[in-house]
Amino acid sequence: EIVLTQSPGTLSLSPGEGATLSCRASQSVSSSYLAWYQQKLGQPPRLLIYGASSRATGIPDRFSGSGSGTDFSLNISRVEPADFAVYYCQHYGTSPPYTFGQGTKLEIK
Amino acid sequence: EVQLLESGGGLVQPWGSLRLSCTASGFSFSTNAMSWVRQAPGKGLEWVSAISGSGGSTYYADSVKGRFTISRDNFKNTLFLQMNSVSVEDTAVYYCAKDGSYWDFDYWGQGTLVTVSS
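Quick mapping for you: the protein sequence lines, in order, are chains A and B.
If you read the first sequence in my numbering, its first letter stands for residue 55, the second for the next number, and so on.
If you read the second sequence in my numbering, its first letter stands for residue 842, the second for the next number, and so on.
Where hints are given, some of them may not hold.
DSBU-like cross-link-like pairs, simulated, lysine-lysine; straight-line CA separation at most 35 Å [unchecked claim]: (1) 884/B to 94/A; (2) 884/B to 159/A; (3) 884/B to 906/B; (4) 94/A to 906/B.
Keep in mind the hints are simulated off the structure, nothing from the lab.
Hey, can you work out the whole structure from these sequences and the hints?
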């Protein structure tokens, strides 16, 4: 079973700063199967990035994803107030089919 | 517009049963795999179960295997999760999610809360 470890657990930033969130897999995975989600309090998750680097429909270009192998990143350039939320990475594999990281909370400094 | 609406959550006693439903609209339901994902209070996301578009293939997390059953009615555009022998560890918001084209979840419902307590 592939385990996804996200870091940091909490990231404190001021609006306008850049953010880099990390997702590390316990073994090499295909970048085609790596996604990122944003979840605000009391809301369901929203797909941000699929295939490690492709933005989902309607996602602003300040969000970008990158990485391969075991190391993946979600970057947010110029964080806006609406971006403060919890972010999860997710992988599609075999058993189990879907795995989530434990999440990174992006909070206002 | 894609819409997913869950229902059926509530308070259930340990070892009891509950059936969740998710009514879908705005897309071709029968050609899309669907999943249930849950989130315990204050915790992260946990995938629970998935079903192929035809309903012929089902998948379960080890934590629910043998207790939960996923099914679908493609004529009524509805997804189900039959939960049996529930425990306090099953307390969570249960989300219905549409499987995307890239092995992700591109649409989510608002969730339904299941509370297991005596």
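Verification of the supplied hints:
| no. | hint | verdict |
| --- | --- | --- |
| 1 | 884/B to 94/A | holds (13 Å) |
| 2 | 884/B to 159/A | holds (12 Å) |
| 3 | 884/B to 906/B | holds (21 Å) |
| 4 | 94/A to 906/B | holds (30 Å) |
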